[in-house]
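Protein sequences appear in the order of chains D and L.
So in the numbering used here, spot 491 of the first sequence is number 491, and the numbers just go up one at a time.
So in the numbering used here, spot 56 of the second sequence is number 56, and the numbers just go up one at a time.
FYI, nobody ran anything at the bench for these hints, they're computed from the structure.
Computed from a predicted structure; not experimentally measured.
Hints are not guaranteed to be accurate.
Going by beta-carbon spacing under 8 Å, a handful of chain D positions derived as facing chain L [to be verified]:
| # | residue |
| --- | --- |
| 1 | 33 |
| 2 | 36 |
| 3 | 185 |
| 4 | 230 |
| 5 | 297 |
| 6 | 298 |
| 7 | 315 |
| 8 | 324 |
Here's a subset of chain L near chain D, in silico, CB distances under 7 Å, partners left out [unchecked claim]:
| # | residue |
| --- | --- |
| 9 | 41 |
| 10 | 194 |
| 11 | 218 |
| 12 | 259 |
| 13 | 261 |
| 14 | 264 |
| 15 | 265 |
| 16 | 266 |
| 17 | 268 |
| 18 | 270 |
| 19 | 293 |
| 20 | 303 |
| 21 | 306 |
| 22 | 307 |
Covered stretches of chain L (in silico footprint by chain D; criterion: 3 or more residues with CB under 8 Å from a CB of chain D, positions within the stretch not fixed) [said to hold, decoys possible]:
| # | region |
| --- | --- |
| 23 | 163–170 |
| 24 | 180–193 |
| 25 | 276–287 |
In this text, a Cβ means the ideal position worked out from N, Cα and C, and glycines have one as well.
Residues per chain are reported as follows:
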Amino acid sequence: MFGAGGGTSSYREIEETDLVVLWGSNAREAHPIFFHHLLKGLRRGAKMYAVDPRRSTSAQWADAWLGIDVGSDIALANTVGREIIKAGLVNIEFVRRSTTGFDEYAAAVEPFTLAEGERLTGVPASVIADFAHDYARADRAQLCWTLGITEHHTATDNVLALCNLSLLTGHVGRYGSGLVPLRGQNNVQGGGDMGALPNKFPGFQDVEDDAIRAKFDAAWGVTVPAQRGWHLAQMFDAMERGDLRALYVLGENPAQSEADNHRAVRLLEGLDHLVVQDIFLTKTAQLADVVLPAAVAAFESEGTVTSSERRVQRLRPALRPPEGARDDVEILGELARRLGSDWGHPSAEEVWDECRSLSPMHAGMRYDRLEALGGIQWPCPSEDHPGTPFLHGRLWEEDPDRRGRLAPFSPVAFEPPLDELTEEFPVRLTTGRRLDSFNTGVQSGGYASPLRRPETLDLSPEDMAALGLAEGELVEVTSRRGSITVPVHLERSLRPGLAFMTLHFPDQADTNVLTLDTWDPKSGTAEFKATAVRVDRLPEAVGAEPVAEPVAEKLEVG
Amino acid sequence: MTTMAPASTPVALRRNVELTVDGEPVTVPEGSTILEACRAQGIEVPTLCYLETLAPVNVCRVCVVELEGSRALVPSCSRPVAAGMVVHTASERVRTSRRMVLELLASSVDLSTADGDVHRWIDEYGARPERHGPSAPPGDRDHAHAGHHEPPEVGLAATVAQVVKRDNDQYVRDYSKCILCYKCVEACGEEAQNTFAIAVAGRGFDARISTELDVALPDSACVYCGNCIAVCPTGALMFVSEHDLRAQGEWDEDRQEVTRTVCPYCGVGCNLELHVQDNRIVKVTSPLDHDVTSGNLCVKGRFGFEFAQGGG
Chain D
1 MFGAGGGTSS YREIEETDLV VLWGSNAREA HPIFFHHLLK GLRRGAKMYA VDPRRSTSAQ
61 WADAWLGIDV GSDIALANTV GREIIKAGLV NIEFVRRSTT GFDEYAAAVE PFTLAEGERL
121 TGVPASVIAD FAHDYARADR AQLCWTLGIT EHHTATDNVL ALCNLSLLTG HVGRYGSGLV
181 PLRGQNNVQG GGDMGALPNK FPGFQDVEDD AIRAKFDAAW GVTVPAQRGW HLAQMFDAME
241 RGDLRALYVL GENPAQSEAD NHRAVRLLEG LDHLVVQDIF LTKTAQLADV VLPAAVAAFE
301 SEGTVTSSER RVQRLRPALR PPEGARDDVE ILGELARRLG SDWGHPSAEE VWDECRSLSP
361 MHAGMRYDRL EALGGIQWPC PSEDHPGTPF LHGRLWEEDP DRRGRLAPFS PVAFEPPLDE
421 LTEEFPVRLT TGRRLDSFNT GVQSGGYASP LRRPETLDLS PEDMAALGLA EGELVEVTSR
481 RGSITVPVHL ERSLRPGLAF MTLHFPDQAD TNVLTLDTWD PKSGTAEFKA TAVRVDRLPE
541 AVGAEPVAEP VAEKLEVG
Chain L
1 MTTMAPASTP VALRRNVELT VDGEPVTVPE GSTILEACRA QGIEVPTLCY LETLAPVNVC
61 RVCVVELEGS RALVPSCSRP VAAGMVVHTA SERVRTSRRM VLELLASSVD LSTADGDVHR
121 WIDEYGARPE RHGPSAPPGD RDHAHAGHHE PPEVGLAATV AQVVKRDNDQ YVRDYSKCIL
181 CYKCVEACGE EAQNTFAIAV AGRGFDARIS TELDVALPDS ACVYCGNCIA VCPTGALMFV
241 SEHDLRAQGE WDEDRQEVTR TVCPYCGVGC NLELHVQDNR IVKVTSPLDH DVTSGNLCVK
301 GRFGFEFAQG GG
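Work the whole structure out from these sequences, hints included.
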């Protein structure tokens, strides 16, 4: 946010805030322990708004649910912004003193009247107005989001649209007011922190900055290329062009996790050389020329991960890995040695200490301090620094020197999802997680979950009735990329025209056959959340006796 | 009454309160409980239903102390200190009351897997559960209605015995071991999980923990976070992994190592304590004193470790 790639607040703050906004986040199921903190806030009297196409198990806790049409987030945010301006609820002092670009922003949101907002998002104008007024008037407000915001072709712009609202109201840089992107995996934040981004070194230092690069060149004794690399989506495009011929995949299963995975598999198969380092022989590993068996990071190795509140915490080995599986650091060291560069046999702590010497925001995070303090939140620039519970407090400083670089408004245009709804593909399919499962099921498939049920196409009661479908009946779901067969499930949290699937059971029902792999040019995230599909009864089912009572009859009773 | 600083106020910012415990002057921050004042003095007060991460429910009465000027004994776990209080923790009245609580519980509940402290207290307070006679045969507690309680035959000790409930792959519920401390109900309810799958059903001696209408767990609202099991002090609620190892005589805490790491699932960063015996994870808990979880986990963090030991 505003230069640092992390959430601004601590979980603790949501317990003591006055207004909670969950936008494109079903934290009740995807981030259950964060939701405990949120519930403490509600118990203390905080008001809650949920913005989500589904009336999810999180949205059911909200005072108001904004059942937005999939992918219209920018339209909603811009409408909220305009309403805050028109109602005279801008935090003028904060905007004047701590931000730039307000006039351009105000001009950009001007077309987004409440009526236009209702037309574009499907949310009633009066509810948008209430939301805008409550957010602006709250003493403290936390704006939280997850992949409902970022798995769109406009991912980065979606985030900027939310940041604009925090600047308009001054809901950032104060205890209890902030922006909270909840990370989907235990080290998504840490991957970014450590420079696993095409344009960053550890600590979000820019690869294209000559002085920064000189520092790393000197420390590593090499010349780091002066240009940024490719992100994941660009890599697949480069494979398509034939510019990328060899790939080294660590702990990722793109053959199943990529959108439009027929294409992903075809491109992986076409590589000259594919190396996969994983704890399992995943579908991707099965395509590999070389598989490097790895230890389980969280249970079998030393290291650190960073959470959604920027808290760096230690991993410790509790289990011995199976015969032949090795720690990631060890594998990388061996690989380096065989490529002609001897790194010795550094421990995880030695690797971390080198990182601390090069990344100022991690400098004070000695292992023993991480241990004693239960983790430390970055930035932690020195060994006597306690870490930083919330970011951007500087924006509230009276002294311009201490205030530093002002936070820019970023006017963003609204573009609807690319996969258009038409008569041929009239249903909007969106994706998400279930409480007991995770991503493509590689980790979560192994335990006996009493909650687990197979993949289904979830449909609203109205659509089930209109299509004459019975619970559990197999249907064919078709998008512009492909078709799959899957049982249907009646889901009351869905509105007509909206369908839902997970990505948890690709061997049973490969949802990513349907999804569109167009990606956000700024972040490289694919639009998993907005696919246009058609739902057909299987030919043999049409005219046959239903396997169960059609839903329509049940509805009349209920 | 003086206005107290809220409990969330950092200790360093709270005013001090002076009181007397067992004849000694004690100074603690305002908002502290008598229990905390006793612990600060190194005085052991037994507790059963108390847990630092849950709001006190005052049901077990084993932590009672004598407070001068108070007609009844007071539960130390919930009573805030006030300036000038005079507290006795070891008077005959206190000891008699605690002995009675422990004796009645031990005569009616299977405490075989309870925390070791419970057995020590039973000895220290001279509780003699056996004097209530041999255990009466188990009744059908799940269907007991208010007003229909039938006392056991004279000379037999009434018990809370009932059939072990094992209706899913992760939990075993053996309510013969339940002392009705309410911790599981609180953890499932407002204090942590807010799922409300369980509550106390019935009245008086027939009171027991139950799902709505006593349905099986898979038919209830349960989401298998295991937070009820984590707070159970007697082993009435147990993970299947622990239960089965105990049944095989293989559960051995001396052979277990506990390692703290971070959950491999979402990005919240919950700390896990992996209990490992013979290179296998046999139980997962979370530290009570870590701000992120306060001891709570979700179903994935609690049970989703099998992928690391051949279950993938």
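*Could you work out which earlier hints the structure fails to respect and list their numbers in ascending sequence?*
Hints 4, 8 and 9 contradicted; others consistent.
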